[in-house]
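A.B. asks: Using this note's numbering, read the sequence shown as starting at 1 and increasing by one per residue.
Calculated from the structure, these hints are not laboratory results. Be aware that one or more of the hints could be misleading.
Taking lysine to aspartate or glutamate pairs in the DMTMM-like style, the calculated list, with each CA pair at most 25 Å apart, reads [to be verified]: (1) LYS147 / GLU114; (2) LYS78 / GLU114; (3) LYS78 / ASP16; (4) LYS62 / ASP16; (5) LYS62 / GLU138; (6) LYS147 / ASP68; (7) LYS78 / GLU64; (8) LYS62 / GLU114.
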Amino acid sequence: MTDDIDGWLTGRQVYDRIAERLRAQIASGHYPPAGALPSEAALAQRFHVARSTVRRVLAILKDEGLIDTMPGAGRRVKSTEQQAALYRYQAIAAELRERITTGALEEGTALPSESTLRRQHGASRNTVRHALAELEREGLVVTRRGKGRFVRPEVF
1 MTDDIDGWLT GRQVYDRIAE RLRAQIASGH YPPAGALPSE AALAQRFHVA
51 RSTVRRVLAI LKDEGLIDTM PGAGRRVKST EQQAALYRYQ AIAAELRERI
101 TTGALEEGTA LPSESTLRRQ HGASRNTVRH ALAELEREGL VVTRRGKGRF
151 VRPEVF
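All chains should be modelled from the sequences, with the hints used to inform the complete structure.
C.D. replies: Written out as structure tokens, the structure is:
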């Protein structure tokens with residue numbers, strides 16, 4: 001896979017498109033486990049985007065468990081074993097996602113409250129919120145101010 005990108009990447013959610021390209025390069029071995037990724041500046045230049053866009057891309061890859069930040073060493077690709085280990089918020093999100101997709105939580109149904117999820121999973125408030133935010137980004141959950149979070153209608 002080539003490192004060259006033809007022209008500027010523009011349009012909606014360009015960071016998702018860049019993340020997909022980097023995911024593919026990690027999967028193909030272009031960036032091997034324990035291998036360093038290029039710097040933010042190099043990636044910004046390569047994809048013709050701002051460094052803030054690159055930071056967002058790298059945050060996505062880190063949230064997915066593909067890369068890790070090593071102080072003084074930059075960002076490195078995690079080994080397959082490291083990638084397999086889910087962060088707690090990912091495990092919570094996966095459990096809720098499963099309940100939504102199997103129909104155990106029907107469309108329009110309220111999700112358990114943050115405090116309920118904290119007790120069930122022995123997690124912090126921020127961890128639970130991170131899991132719920134991931135489900136919102138995926139379009140599975142909607143938040144109604146003052147009412148709570150609900151399974152989004154017409155998900156399937």
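A.B. asks: Could you tell me which of the hints above the structure violates, numbers in ascending order?
C.D. replies: 2 and 6
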